[in-house]
Every structure is written in structure tokens, then in C-alpha cells.
Amino acid sequence: MSSHPKPEPVGDVVGASVPKPDAREKVTGRAVYTDDLRVPGMLHGVLLGSPHAHARILSYDTSLAKALPGVRAVLTAEDLPPVDIGAVIKDQPLLARGKVRYVGEPVAAVAAVDPTTARRALELIRVQYEVLPPVFDAEAALRPDAPVLHAPRGPGHPNAASHIRLIEGEPDGAWAKCDVIIEDVYETPAQQHIYLEPCSTLAEVDPDTGRITLHTSTQTAFRVQAITAEALAVPMSRIRVLVPRVGGAFGGKVESTNQPITAALALATGAPVKMTFSRTDDMTMMRSRHGARIHMRTGATRDGRILARQVRIYFDTGAYADDGPFVANIGSYFARGPYRIPHVDVECWCVYTNKLRAGAFRGFGNPQIHFASEVQVDRLAEALGMDPIELRLRNALETGEKWLGGAPVESGTLHACLERAREVSDWQRRRQRAPPAPGKRRGIGMAAVAHVSGLLGSSATVRINEDGSVNVSTGAVDTGQGSDTALAQVAAGALGVPLSQLHFSRPDTDTSPYDWCTGGTRTTFTVGHVITQACEQVREQLFEHASAMLQRPVQQLELRPGGHVGVRGEPGTSVSFGAISGYALYVAGGPILASARWLFPAWQLDTQRTHVEGLTSMGNGFFVFAAQVAEVEVDELTGHVEVLEAWSVHDVGRVINPAAAEGQIQGGFVQGLGYALTEELLWKEGHLLNPTMGGYKVPGALDVPRAIHSVLLEHPAGPGPFGAKGVAEVSLVGVAPAICNAIRHATGANIRRIPATGERVLRELLARETQGGH
Amino acid sequence: MSDKVSLSLCLNGAEHALTVAPERTLLDVLREDVRATGTRRGCDEGNCGACTVLVDGVPVLSCLTLAVRMRGRAITTVEGVQTGAELHPVQRALVRHGAVQCGFCMSGIVLTAKALLERNPSPTAEEVRQALGSNVCRCSGYARVVEAIVSLGGRP
Amino acid sequence: MRYAEPETVEEGLALLAAHDDARCLAGGASLVAMMNAGRVAPGMLVSLHRIPELSDITETGDGLWLGAMCTHRGVAAEPRLRGAMAVVRSAAGQLAHPAIRNMATLGGSVCLADPHTELPAALVAASARAEVAGPGGRRLVPVESLLVDGFRTSLQRGELVTRVFIPRGTDGAVGHHLRFSRVSSDYPTVSLSLVLVMDGDTCRQARVVVGASGPVPLHVDAADQRLVGTRLEEADVAEAGRLLVRAATPLDDVRGSAEYRRMLIPRLLGRALSQAREHAHV
Ligand SMILES: Cc1cc2nc3c(=O)[nH]c(=O)nc-3n(C[C@H](O)[C@H](O)[C@H](O)COP(=O)(O)OP(=O)(O)OC[C@H]3O[C@@H](n4cnc5c(N)ncnc54)[C@H](O)[C@@H]3O)c2cc1C
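Residue numbers (full-length UniProt numbering), protein chains in the order written: chain A, 1 to 774; chain B, 1 to 156; chain C, 1 to 282.
Keep in mind that a hint or two might mislead.
As the list claims (entries may be wrong) - For each label pair, taking beta carbons as the anchor points, the in silico distance ranges come out as: (1) Pro82(A) x Arg71(B): 53 to 63 Å; (2) Gly72(B) x Val148(C): 33 to 43 Å; (3) Ala437(A) x Thr249(C): 29 to 39 Å.
Just so you know, these hints were derived from the structure itself, not from any lab. In this text, a Cβ means the ideal position worked out from N, Cα and C, and glycines have one as well.
Work the whole structure out from these sequences, hints included.
Laid out in C-alpha cells, this is it:
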């Protein structure tokens, strides 16, 4: 990775908590989300879900539904091109073809004049099934005699969507040298995004050109364009994607949602079609985080050097691979943790089962592996009689040391995060256990966190208008996390113009430059990087013209706040961007504009050092670090856990917008709290038991700590804008282990399965009592 | 008594003459008939709070309220909170404190907070959390939302 | 669907009598949610909100009459619900979340008879009686016998609940409601409603009702009796808890297993009793 010169921002806009420009329209209700759109002649689309977890489709009868007045189209797989989509494995039809693989899988689609008619039509569709034996557990699905979901793609088990192996050192021989070995099996749930805005798409077809315009709630206009084109077998140029406001996403809107099928309905009817999911359709048809089972063993010497680790991970990807193989990559890549462990053996399976697909969700495989790793390291500390932070400090990777696989850690700031966390949480004193309320037990726990920020391609265009104001266009979607604001601040800081003179365009695949996706803790980092690159080119153009206008060599020029180019050391001599732009437009050179593009380089894997199998490259990222601390109170009677206070310390490299960064951290912490304590999709014989917000509970205002202290450390490094690193996903990654470590500190209960519901915690407490523990 | 009912909806101080089927919810009528789309649909079962409106000043869930029941009641939606170009203090505080992320919960939160402050002009953080018990926010972790509302009462 | 807004109980009864598939609409919180989910589709809705008497609260020498259309919020704010009667106020003020409390009603809660809800249990603990109006006039029915099964009451077709009587109870009695839920806005995993009379450290009277632990609020006379006369020592509470657990038929659901609910009952009983005693001292 090249090391770029780190120009300092001009003016004071970088690092300021400027309010988001879209906040006003959101608090006044004027903000327009996809479902708020309505166009003349618009039809409403709905989907029919499969009643079976695994069955062959024998026949359809849609005649009754088609005959219902007001129904304009009824589609099944027979009406669609025989195409399968999928980010890694092409395994998903838009509507089930030949067989269904999970309960709720879309089997038919209806467009009708109103939602009620459309739903009534669903009841009239007859599908004949031949039920097949299902499989619901990832490990069971790998048995030789397990029911098979998809046609085999190669020599391995047909239910394995991916199989990864990473070996370093000599793990087999190392155990004998360990004084302490901890071994456990950890389980993590299928958490769901519960973005507050259910998925929605409005598809319009131009009757003359056949061009399809999609307005949709997504994290990525360009992936939607590509996937829809692929699914409908039309050229991408025939599809335009626009993104209204997005009511949350968190990874759930990274791949396609209901865009392709809504487009198919629009094509079939020749009319605009809107499809907005009900909450229950969204929960049963979209995706979740991968549930995981992780067998992990870690050994250390008496003086606290971690020597060996063996890990076997099973990611349950449900009926379709979706982003599963990528998730498995990250899970495997982080299985050693941010520690210098010489002997490591990682095996990871991503497995098909007859359940809802699992895909991207904030953290992307990392929360699962962090839960296992950080709980186990804490147990190791306990067994060694060491302070948990001390043990981590002793083993934490530092700058220049190698990650699992051999990539160098370029900015190893975990030590700084751990030390700061110890200080701000008053760790030593709280470890002494403050007296709890009667019937309660109190404890404090922590987790070290590592993640990557980066991934894949981005581009940006920056243009100076005739009056000196600036247009920035990137194609990146702001899903509510405030990236538009932060990126506008980056551009404003790079050029020294006030935010009021800068316009940041919303994504439109017709006009925006490409961006892969808002996800992977990458937007501020990666898109910010290309913005600073484009701004740098624009600055060169500005200086070239200013040099001619001021009759001074370029080397003497500087950017001045307010959109001016001046002569260094001569406060009185300057020329405004407006004047330069006019000069460029009418006298010499043409419009001032520049584009920059970037693809994050691929994994750096050193196969001399590491035995690597099955790791599919998706581009590397830049390592970022954090430390998270939680203080909890456990109710002895019920097992209920309350998080009293929390600290989240992040090296963000450079703070672009402190309020936005803190908001991300607090929000990520609370999603992590839900993951740790309450959130879990539950199935019975393949049927989701809680596909509602009443059955699946996310934390409310009364369920969160009264204070979540976010601490931002600034160790600028790497290619991000002004040295900034990502933060969005990181804030969720360590929460569950921090909370479970606090539960163990409070009660001795070793929580190996999350969510740590009252019931699970109480059972652990009782088990300890009968063993005479504590 | 007929399949469709005529009614006059008093919405943000203005009367709207409508004819609606009695099973239609206030949420549906606001969004589809009046085209006041600031009231959001998140779950249709009273568990997310995105559709909160005030009826005679009291927060209720418009997804669980039949529109026909609203005869003679004063309904306030998020569109009626602002006076002219002036934001309501609650709105201003939420913007200033950086409490707004995806914004989908904001209409409900603005109305809940407005009703709370009218009843209790200087609520404690705990009282604010209690009042927000019906409003799910998936982005913010509530910290800045609570902070913004508490700031209006001048209490710590 | 048809819709009507009667202004008297008699008009309401006439409407119910005239339509086979008529249903009362109270706060609508549950009924509209079920309609949205397509789980019920009444042919006729009789909204009760314009019948003034259904929102009345009247005090008599031996208790308080609460109109069926009183909201949870209204009940929670009613200062005359003191002593034993406070169990109803305590439940109404804690259940669900604020917007539901602003909408849902006492009568709706009784008639819905949802085993997961709390007010029915609190009413049974308070020995409340419901006034039922029907074609044949009005009658008083103990709430305990009105609730015959999960989502089923002994109301006949064409009847409605007009108001509920909460007896004042013994002097010095305290009423208390304790709920335990996964997150604060959730239905309870288990709830406990109780009325307690103490004489110094000795229990003179106890009436304990458990919610979400069977098709109807769980009330076991023997468990009450096991507490009376004792000093509510650990063993007494444990034994009463055991009697309750023996009679409980809790659900296995997403809020917790039946087994967990059985574990919670005696544990929460101890906590509810000691909280109630604290109230007794203030
Ligand atoms: C999201 C949500 C969360 C909830 N959480 C809780 C909780 O945590 N704890 C809890 O205790 N409760 C909870 N409830 C239930 C609530 O407290 C009420 O019990 C419920 O909503 C019914 O009251 P209602 O006034 O809304 O009745 P409606 O929904 O209007 O009616 C319910 C039923 O009763 C019938 N009915 C109503 N009134 C009468 C009458 N006077 N005579 C005859 N029949 C009548 C109706 O026909 C209908 O069948 C929750 C409800 C919702 C929607």
C-alpha cells in the first residue's frame, strides 16, 4: 500500500461536529423515503412465501389469482429468465425455481391496483409441493447423509458454501508447551438488522425505451444496478438506480433486496410498481447475521504468552450463500485475534441449511469470532491469575508485526486503546466490585477489538462551479450514518471552502461515479480517500491558473479558507475560486474538474508462512483497533443482565465529525448489546417463531446503559482522508464478549452462548451453585 | 353505517373531508389519502413507535388507530410541529445534538418528546427514557436523543 | 366491514344483537393489530368510545367502579386506587409501553383475555367483578370466572362489559404488581399481582395471582393459605411458590421456556412479597 503525504485540512471544518444537512428534513417529516413515493398508475407488489422449509415444486396454478379484478401480473419462476444471482456463488433465483429451501422463500409475485387486492390474490395461488427432508443445523448439514440443498459445485460436501483452512507454526506440537489450556464451544445467534424502514422499491419502466428506473432503499446503487441487470438479463445501461433517504441498513441492504423482482413486475405490467415489505415479510424473506458455532482452544505459558490456538467455525448461511463466503473469510482471518500467537490452526465452514439466508451485518463475521476469542482470552487470564487487560497488552500485535496470513499491521494502536480504556473506565477500582443492589451481582468486563476498514472500489468527481462553489459526487449512499456530512467535510477541508458552498450529490447510477457499497466500515475511509485525491488534482488545476493570474510560481501558492488561492506570506494577494473558475472557463484550460478512483489492494497472504486454503479474496482493508468495557448488574433471581455503564475507546485516526463518530459508536454499542442479551431469530421446524418486532426484541431507551462513553483516539495513518480510519462496524464487534466477561466477573458464570438471556444466565448460575462454585 | 364512512379529520389544525373504509388505520389514511408521509410505517403492530401521532395532545400509535375513530379529535403529526419556518425546540435540539441518523424514528420521537415537555417542562433523563419507551431507534443507542430532550428542560 | 358508534349501552347492545359477526372496539390496540395481520376480519365493529358511562369512575363506600373504556393511563393516574386496589393501578402503570397505555383499555384487556397480559391478573388479585350488560340486563361476574381460557371469556354473544368494580379490601392491605420481561417494552415473561395484609411481621391475608403462566391468571387458594399466619419466611414463600408452580401450565415461547417460567414463579414471589411489604411500611 502506498503511503500518501498527509496534507493538513484547510480551515476548521474537519473535526467539527457540524449538524447533518439532512437532519432538518428528518425531524420535520419532510425527508422522503422510498415508500413515500407515489406515481400515477402505480401498482403494488407483494410476494408469496413458501410454507415449507424444503420441498420440490410440482406445479403452480395462478389462474384464479390472475382472474381477480385489479390483479395485473402474477409471476412465478416460469416467467423469469433462468438466472441465479449471488455475490460469490450464483445460487439464488428471484423466485424459487424447482424447489423451495426455506420457509418464507418467495415463490410467486403479484402486482395489483392496491395492496389489499394484491394480498388477496396471494391466497388464490395454488402451488403443489413434494416435501423433502430438511436440515437446520450447520454441523448436521455436513454429515454425509444430510439432505442436500443445492446441486454440487465441486468435490467437497455439497452443503459447504465455503471451507477455509489457515495454519501457521506447528499447532500440533505447541500444546505440550502450554501451561494453561482453555477449550470451549461458543454459539452466536442469527441476529437481524431491524433497520426501522422495511425494504422498499419503486420500479418504473419507460414505455418507449424500456429503461427501468429503480428508486430503492439500499446501501449501494451500483450493486443494485448490476444485480438487477443480471437477474433480468438486460444490459446494465438499461437500468438506473436512485436512492431516496434510507431508514437504516446495517448490512441488510448491501446485496439486492426486492429490487429485481419489483423490476420484473414493472416489466411484466408495463406500469410502475412499488413493493414495500411488511415487517414480517422483511424478517422472513430478507436476511440475518450468520449464526455460528465455534469450537476454540487456546493455550498459554504461565507467564502469559499465548502460544497456540485451534479454531473450528461453522457459519450457518441458511438456504443461500449471499455474502456468506465473505463473512467466513473475515471470521477466519480474525480467528487468531489481534494477538501474536505463533501456532494457529483455523478451519472454517460456511454451510447451507433450510433457513433464512444469512449475509452481511455490521461486523461481517467478526462479532462471532470476537465473542469466542475474547471470552476465551478472559478465561485464560483468569486461569493464569492475571488481569485481563494485562494479558491482552502482553500479547497484542504492534505496528510492523504480522497478522494471521502475513499482512503487516501498519498502525498497531491496540495498546493505546487498552490503556486508555483501563484509565477512563477506572478499571482497577471497578474490578474490586462495587457493592451491588440487593439480589444483584455486579461486575466489569472488557474486550479488545480489531477490524478492517476499507474494501473494494470507489471513485469521486469534484468540480468547481463558475462562482467558485464546489460539487462533489461519489455514488456513496448515506444510510443515515452521516457519511454525506463527513465526506462533505473532507472535501471542504481539502479545498478550504465552507460547507455552505459545497454540494454533495446523492447517488444516481446515470451520473454518479462508481462506489461499491456503504458497508465494511469503508465509506469515510475509502470514499474519503478518493475525494482527497480528486481534490488534490483540483487544487493543482486551481494553482496552475492562479499562477498565471497572479504571475507567481505555483510553489509560492497556498489554499486559504473561504475558497481562495493566495501567495504564501502575502496576506493581501489572493484570487478567489470563482475568479479562477471564470478564467478557466473563458480564457484558458476549460472547466476545473477531476476524478479519482481506487480499488483497495487484495489480501496480502504470505503462503511461505501460512498454509492457506479456500480464502476467496475480496480486497483487504486497513486494520483498526478499539477496546470496549461494560459494567453489568446480574439479577440473581432471574438471570436478567443490565448494562450499567459502558466505555468504547476507538482509534479513529483522525476525527472528521466527532458527533457523528460518537453517534455511530453509541448506536453500534447498543446493537451489540442487543446481540449480547436479547436478539435472536428462533425457529421451530424451519418456521420462524418471532418474525415481528414484538417477538424479536431490540433494546429500547430503558434497556441501555445510562452512559456510553465514547473515546476517540487520533493516531492518523494510512490512506484514509487526513489519516482517518473507519469506526462504523467496530463499535459493535467487542460488545458481546465485554458484557459476557462482565457477567463472569460478577457471577462466575461462563457464558458460551449468546444472547445471554435471563434464562441462560440463570441456568449457568444454578449449575455453578450445584457444583459448589463461586 | 355503511361500508365507507365520511368524516372530517382535524389534522394539524386544518379540517380534511375524507371518505374512508372503516377498517383503514389512521396511519394508512394519513400516508395514502392525506399524503402526509412524515408519519412512518415500521411494524403495523404497535412495537416500533415510528407511526406515533398526538391525539388531543397524547401520543398514540396511528397503526393501531382506526381513522373513523378520529371524528372530533385533534390530530398532530410531525408536519404540524413546526411553526412556519421555525423549528420546534425539540426539533432544534435533536438537530443540534447530532441525535439524527437514519431519521426513520424521528417523527415519532419528536411527537413523543413534544407531548412529554408539554406535560413536564423539565424532565429528568430517566423520565425522558420512560417517555421514549414506545419509540425504537436502531441507529443512535438513544444517548444523544435523550441528551437533546433533557437539554430543553435545563435539568442535568 | 361496517362500523357504528353507539352513544348508549342499549344502542350498543342492539347493534351487537343485530349483527352476527359484530365485535366491540375498545382501545383497538390489540384488535386493530390483529386486523392488520389479517388474523380477524369482523363484519361489524361497534366502537364503544362515545358511550359516556363507559368512561366513568365512581367511588362507593366499599370500592371503586372503573368504566370499561378507562385507558391504562387513566387507571394508572387514579389516586383513589389505594391499598388493596393499588394492585390494579400498579399494573396499569407498568404494563407494555407508554403509547399502548395511552390507547388500550381496562375493558379491552379483560375481554381480550390474553394470557400474556397483566391487567386480568391484577384484577383477579384485587377480587374485581365485571359488570356485564346483555339483552337480559346487567349482571356482576367475578373477573376470575369471566376468564375461562386463553383468549376466551364467559361473555355470551351480544354481551359487553360496561365497568369493573374494584373492592376496597381490608384496611391496611397493600396491592402490588411485579413484572419481569426480556426488555422493558415487552410482554412479561411472568408477572405477579398480589394483595397482602400484614399484622406486624405476620401475614394476615394474601392473594397471589401469577400472569403468563397458564391460559388464565393463576390463582391457587392453597398457596394464599400457606402464607397466611406465617412471617413470610423463606420456607413459607418457597412452599407457597411450589404450590403455584404445581398448578401452573406455562407456555414455551420466545420469551422463555415453560421450565424457566416455573423457575421464576417462586423466585419472583419472594421479591414481590418483600416489595409489597416495603410499600406497607411507607
Ligand atoms: C404492542 C402491544 C403491547 C402490549 N403489551 C402489553 C403488556 O406488556 N402487558 C399487558 O398487560 N398488556 C399488553 N398489551 C395488551 C393491552 O394492555 C390490552 O390488553 C389490549 O390492547 C386490549 O385492550 P384494547 O382496549 O386495546 O382492546 P381492543 O383491542 O379494542 O379489544 C380487544 C378485544 O376485546 C373486545 N372488547 C373490548 N372491549 C370490550 C367490552 N367492553 N365488552 C366486550 N368486548 C370488548 C374486543 O371486541 C376485542 O375482541 C399490549 C398490546 C399491544 C398492542
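Does the structure break any of the earlier hints, and which numbers would those be? none
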